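J.: Chains as they are written, first to last, in the UniProt record's numbering: chain B, 1 to 506; chain S, 1 to 506; chain A, 1 to 506.
Any given hint could be a false lead.
Chain copies aren't distinguished; within one or between two, either way the pair holds.
To be verified - Here are the simulated BS3-like cross-link-like pairs (lysine-lysine), alpha carbons at most 25 angstroms apart as the crow flies:
# : residue 1 : residue 2
1 : Lys431    : Lys343
2 : Lys378    : Lys419
3 : Lys343    : Lys408
4 : Lys111    : Lys28
5 : Lys280    : Lys497
Simulated from the structure, these hints should not be mistaken for lab results. Source: prediction; values computed, not measured.
If you want the building blocks of each chain, they are given just below.
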Amino acid sequence: MRHLIILSLLIISLITTSHSLYVKNEPKISNETQECIDCHTAIHPGIVSSWEKSRHSKITPAEAIKKEALERRVSFSSLEERLKNVVVGCYECHSLNTENHKDAFEHYGYKINVIVSPNDCAVCHPVEAEQYSKNLMAFAHTNLVENKLYRDLMKSVNNPHTFEKGRIEIKGNNKLTEYESCLYCHGTKIEVKGFETRETQLGEAIFPILEGWPNQGVGRINPDGSRGSCSACHTRHEFSIEVARKPYTCAECHKGPDVPAFKVYEVSKHGNIFSSEYHKYNFDEVPWKIGKDFSVPTCATCHVSLITSPDGKEVIAERTHQMNDRLSWRLFGVPYAQPHPIKPDLSDVKNSAGLPLIVELTGEPVRQFVISKDEQRKRNQAMKNICNNCHSVSWVNGHFERLENTIKETNSLTLEATKILTEFWKNGFAKGLPQNQNIFDEKIERVWTSIWLMYANSTRFASAMAGGGDYGVFADGRYQLTEKLYEMSEMLEMKKKMKKSQSNKD
Amino acid sequence: MRHLIILSLLIISLITTSHSLYVKNEPKISNETQECIDCHTAIHPGIVSSWEKSRHSKITPAEAIKKEALERRVSFSSLEERLKNVVVGCYECHSLNTENHKDAFEHYGYKINVIVSPNDCAVCHPVEAEQYSKNLMAFAHTNLVENKLYRDLMKSVNNPHTFEKGRIEIKGNNKLTEYESCLYCHGTKIEVKGFETRETQLGEAIFPILEGWPNQGVGRINPDGSRGSCSACHTRHEFSIEVARKPYTCAECHKGPDVPAFKVYEVSKHGNIFSSEYHKYNFDEVPWKIGKDFSVPTCATCHVSLITSPDGKEVIAERTHQMNDRLSWRLFGVPYAQPHPIKPDLSDVKNSAGLPLIVELTGEPVRQFVISKDEQRKRNQAMKNICNNCHSVSWVNGHFERLENTIKETNSLTLEATKILTEFWKNGFAKGLPQNQNIFDEKIERVWTSIWLMYANSTRFASAMAGGGDYGVFADGRYQLTEKLYEMSEMLEMKKKMKKSQSNKD
Amino acid sequence: MRHLIILSLLIISLITTSHSLYVKNEPKISNETQECIDCHTAIHPGIVSSWEKSRHSKITPAEAIKKEALERRVSFSSLEERLKNVVVGCYECHSLNTENHKDAFEHYGYKINVIVSPNDCAVCHPVEAEQYSKNLMAFAHTNLVENKLYRDLMKSVNNPHTFEKGRIEIKGNNKLTEYESCLYCHGTKIEVKGFETRETQLGEAIFPILEGWPNQGVGRINPDGSRGSCSACHTRHEFSIEVARKPYTCAECHKGPDVPAFKVYEVSKHGNIFSSEYHKYNFDEVPWKIGKDFSVPTCATCHVSLITSPDGKEVIAERTHQMNDRLSWRLFGVPYAQPHPIKPDLSDVKNSAGLPLIVELTGEPVRQFVISKDEQRKRNQAMKNICNNCHSVSWVNGHFERLENTIKETNSLTLEATKILTEFWKNGFAKGLPQNQNIFDEKIERVWTSIWLMYANSTRFASAMAGGGDYGVFADGRYQLTEKLYEMSEMLEMKKKMKKSQSNKD
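Build the full structure now, drawing on both the sequences and the hints.
T.: As structure tokens, this is what we get:
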């Protein structure tokens with residue numbers, strides 16, 4: 001009997017709730033956005049329906065800011081009046097800061113931008129945009145393209161090559177190739193090259209001509225001068241927090257042999273449980289409650305999201321879009337793993353050999369550019385605080401002790417490889433630093449590059465992420481690393497023998 | 001109050017609907033099929049229960065053809081009376097065209113075939129079978145096995161090898177190996193080698209002895225002379241459209257380094273959203289409504305399925321089982337990417353060097369065998385019409401401009417590699433075309449092969465599928481391609497030095 | 001009308017059932033466990049909430065043993081009284097056999113162990129623990145670390161390397177590296193190195209200092225002397241049968257190029273259907289009913305689980321934790337595939353060359369250590385009995401005929417590679433067995449190792465698992481295997497030429 005009463009109460013409460021929800025969530029679409037939708041529903045049904053599924057289409061900034069502090073997804077302190085009480089539609093985002101947008105154009109009576117930049121998103125999410133700008137990711141374009149050394153790697157990978165007179169030559173360059181290779185993830189520089197008139201379903205219209213478009217790379221240089229692309233992770237036009245929190249988003253750029261974070265995750269215990277059980281998790285909740293909304297971490301859990309205790313009351317980790325907050329080491333991106341750099345902009349770094357690196361060729365960090373040991377300890381502790389919710393102290397300490405060992409070990413193996421390469425250069429068996437030549441355009445140089453860029457990186461990720469199965473051993477790990485070391489040494493020996501045999505003859 | 005009324009109405013309508021559905025869907029199983037089921041439920045419970053979950057078990061052809069045009073999954077214009085009003089069971093499929101089936105046999109009073117061929121499926125799905133027959137896939141067996149050049153590749157990969165007198169020799173052949181390597185995807189030729197009597201749970205029975213069985217390759221040669229295997233994608237015995245539309249089906253054959261479509265998809269923006277959100281999509285609906293049933297495309301969306309606007313009324317893409325309808329380029333399968341071939345049967349093609357290729361060794365297409373630029377434009381536009389539902393014109397054009405650039409770029413790198421290989425042959429450092437020898441059975445020839453078959457292909461797929469992360473760079477992409485180019489050039493240089501050193505001595 | 005009555009009856013029965021379930025399942029937590037939870041809910045919310053989701057937290061051993069034989073998940077015949085009528089909580093597992101546990105310590109008045117070993121799990125699951133102990137997996141640590149030959153492979157992969165005087169030397173060793181590379185999967189030896197006092201949230205406490213911790217490898221040597229770690233597959237602290245049955249669990253250790261079972265599964269027809277449809281399956285049921293709970297097998301289906309007919313009555317496969325019950329061949333782990341070894345402990349095996357292998361260097365098995373052909377037939381038939389539920393006899397036989405062919409084929413290619421390597425050693429071009437040196441620390445030795453450890457293994461897995469797409473061809477399969485064979489032969493030829501050129505001069 002008691003149950004029947006409960007059942008009745010449940011039904012009644014359901015009805016009431018759904019009624020009040022209905023009233024509360026009736027979307028208040030601005031007139032401008034409604035006009036966009038009226039045409040684009042036919043032209044771009046996919047875009048419109050994605051947006052309709054988004055939170056942006058269902059809540060106004062005024063409602064969003066009223067939530068409990070821990071439940072809030074916006075961080076503005078003040079907001080233009082016109083934006084407050086309408087949902088976040090086409091016009092609300094594409095019409096911001098047009099005065100700074102070189103891609104702004106007149107479109108049926110409105111001035112709009114093609115590209116919505118982090119600067120624009122910052123109108124409602126200023127804290128997140130500010131944090132993000134302190135990431136290496138925000139400088140992913142700049143730190144690659146404006147680094148002379150890495151430019152050489154780009155050239156040897158992307159530029160046209162010709163075989164003439166018995167030799168390979170790198171000739172010319174190829175911007176379109178760069179856009180879809182390195183800069184697909186690092187971000188292009190988007191430039192407005194003029195405007196053109198195009199015939200559309202609704203007659204003639206004018207559009208900007210964009211160089212470097214499309215692109216959603218993390219360090220994109222936008223036509224308003226800002227850096228980054230929020231849609232790299234918060235995919236247009238649903239901007240789903242579920243998508244951003246699932247590891248498939250990070251996998252877009254973090255799956256290759258140079259940075260195999262997703263592959264390592266997949267075969268880790270965390271990844272196994274995620275793949276097996278994620279259908280039981282709730283990826284939409286803010287704050288994200290450990291044990292209640294999820295059992296194992298995804299990338300976002302440890303690196304970005306606001307995490308609380310199961311009851312949603314105690315903060316375990318603050319939300320941060322400056323991911324290096326909890327990163328004491330920079331595991332990849334340079335020949336040797338090292339303490340994290342102090343600033344995200346690395347355009348002015350230089351080591352004692354004059355190379356634009358925060359590390360010496362012998363593996364020592366250039367101290368003035370990297371964080372102190374104290375700061376490393378602090379960041380490491382912040383990360384451990386998350387681990388400790390599911391693991392004992394000795395488990396967590398054991399894990400990080402191995403990571404530090406692996407960093408030393410892989411740095412040391414890279415150093416031995418560098419010694420061999422130096423012998424090649426010194427003996428004139430290859431042309432590199434001493435000859436002031438590209439150090440990535442000969443076979444032996446690539447063997448050396450693979451040692452640190454692929455095998456040492458894979459090994460370190462397998463170590464850092466608490467068990468990456470074979471990625472530290474047989475799958476681009478230590479097995480390949482040591483094999484390449486043997487190969488380098490034996491190639492050197494053969495070169496010497498051939499030289500001797502040659503000189504003997506002379 | 002209004003809600004209580006709505007709730008009541010809902011309950012009543014649910015009851016009514018379920019009642020009428022029940023009546024409508026009561027399966028009308030033929031007597032013959034019932035007899036099959038009576039025995040095979042015990043012998044093959046897995047097969048029977050799969051079929052019970054299938055649409056085939058729940059609807060008759062007569063009911064299926066009565067649906068609205070866009071909702072129809074059958075395409076016959078006439079049908080044998082006996083098949084019309086029973087569901088599509090064991091006997092309905094396995095008893096078709098027995099006169100043409102060399103694998104037909106007497107089984108407890110019925111004449112049935114082991115293999116259901118595209119010809120048999122065409123009884124209800126003639127349009128799809130006809131379209132499929134115009135695919136390169138339908139000729140995947142023939143175009144491989146009957147091409148002298150590719151036969152040489154097969155030999156060097158599959159045949160027994162011996163090391164004798166200091167040399168590797170390819171000896172004999174190994175059919176069983178071929179069946180499970182190349183022909184697993186390309187399809188075997190299934191031949192009836194006789195009949196045998198076997199003891200079964202129900203006493204003695206006679207069965208055909210099949211060579212090349214089991215196999216579900218896309219270009220299978222069936223015992224009725226037809227080509228292909230519908231179950232390659234429409235997996236027996238559930239024949240689920242959900243399975244066919246999910247990318248895991250294509251991945252069976254399109255994940256290797258020679259054709260990494262699925263790997264590229266996984267790390268593309270499309271693939272990320274699919275992996276994160278597909279639990280919210282509806283993969284069973286016909287027509288498949290953009291924005292309503294799904295938000296991002298799978299392989300089937302762009303290449304096969306009938307796609308409509310969200311309301312199901314406007315056709316965005318017609319269903320086609322001739323996938324090349326929207327393919328202007330053939331990205332893989334030959335040393336150079338090129339315009340798509342005109343006919344799927346390539347058994348009579350020849351280039352100016354006499355090789356069975358639709359491309360010259362210098363990269364030029366053999367014009368008489370490939371589609372015109374006009375036809376390329378037409379097909380490309382058909383594909384763009386799909387993209388444009390979620391992307392702006394400049395986005396889509398920017399994408400395809402890059403693809404064309406990548407095709408030129410990778411073809412050009414392949415040409416340089418081919419020049420180096422030609423030097424090897426000319427100097428007698430390897431034995432290939434000039435010596436009328438297998439061009440895949442020496443180390444240098446394999447380095448060359450990997451350049452186009454793996455690294456150029458990966459790079460092109462990464463480009464074609466709108467962002468394949470590292471598959472165009474560090475994961476079997478341009479990094480590996482250029483490294484192999486350096487390796488080829490340096491190997492040539494060393495061979496020349498050694499020759500000189502040798503001849504100096506003499 | 002009839003439907004309304006049915007509906008009412010349904011509601012009533014739901015209420016009744018949920019009521020009785022509620023009463024039955026009210027967890028009876030022991031006082032000791034309650035005390036653990038009282039503190040650890042705050043300290044380790046993730047652990048506590050995982051356990052709360054587990055079956056262990058909801059049912060007592062006394063209730064579990066009363067289930068129908070086929071539904072039972074426990075296998076004890078007698079049990080300590082104190083454990084019978086409480087759910088299986090923290091204290092119930094961590095307090096077992098403390099007298100044998102070197103990691104036992106006093107913790108707030110209780111003596112508990114850090115590590116729960118298979119010996120402890122055996123209190124309720126004795127049959128499973130006993131079966132597991134007969135697996136090669138249980139000896140994965142021992143068979144690796146105590147095998148002189150494999151120790152050499154470990155050294156060449158894990159130990160520090162230096163480049164001095166023109167040569168690579170392997171120097172010292174690195175335990176921490178071993179723990180996270182080979183031993184991550186094979187299992188560490190966990191040793192208690194003393195005890196330490198640590199400051200905790202609740203004041204000072206004492207904890208054991210563990211060497212080799214954390215680890216969940218399958219052949220772990222535990223502080224109580226037992227072997228293995230149940231949590232390798234039955235992940236702490238939810239111990240979910242769903243997780244154990246999904247293939248992601250096996251993937252943790254079986255995805256690398258040396259044993260790519262998961263990668264092969266993913267692109268097999270089985271794997272495709274699993275990925276596409278698993279959301280419709282029931283992974284929690286015991287017994288696991290074919291056709292009802294699932295349509296296609298995961299790893300567990302064929303190798304471990306209790307499988308019955310759709311009605312749950314007829315046993316198709318008995319549950320076994322001795323996976324080799326149905327394995328006639330050992331496909332990987334030694335240079336040549338061979339009949340399965342008789343005993344799991346291989347510490348005393350030796351071939352005629354004195355090497356600790358159950359196979360000769362020529363590929364012949366050492367008969368005294370491997371199972372007979374009769375036993376092979378028996379095990380193969382046990383496996384076929386599972387296949388036959390969804391496949392015809394000729395399909396299944398055709399499949400296994402190919403596997404046997406592939407074993408012969410890959411063994412034969414490995415033999416040819418071994419012949420070439422032997423030539424290197426004989427001529428002094430490399431230092432190996434004749435010189436009593438590590439056979440894994442030179443480039444040519446690694447090429448040979450990759451042939452069997454990666455390419456032959458991949459090819460065999462692709463064959464064994466009924467279609468692994470490219471893993472038998474272009475993805476670490478026959479293409480790479482034969483390429484390496486050409487490379488070895490050509491390297492030998494060059495070495496010979498260089499030697500001749502050298503000796504000519506002298």
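J.: Hint by hint, note whether the structure agrees.
T.: Cross-check of the supplied hints:
Within a single copy, Lys431 and Lys343 get their C-alpha atoms no closer than 33 angstroms, and across copies no closer than 50 angstroms, so neither meets the 25 angstroms cut-off. In this assembly of identical chains, the alpha carbons of Lys378 and Lys419 never lie at most 25 angstroms apart, being 34 angstroms within a copy and 57 angstroms across copies at closest. In this assembly of identical chains, Lys343 and Lys408 lie within 25 angstroms of each other by CA distance solely inside one copy; the values are 23 angstroms within and 40 angstroms between copies. When the C-alpha separation of Lys111 and Lys28 is checked against a cutoff of 25 angstroms, the pair qualifies only within one copy, where the shortest distance is 22 angstroms, while the shortest distance between copies is 63 angstroms.
Within a single copy, Lys280 and Lys497 get their C-alpha atoms no closer than 64 angstroms, and across copies no closer than 65 angstroms, so neither meets the 25 angstroms cut-off.
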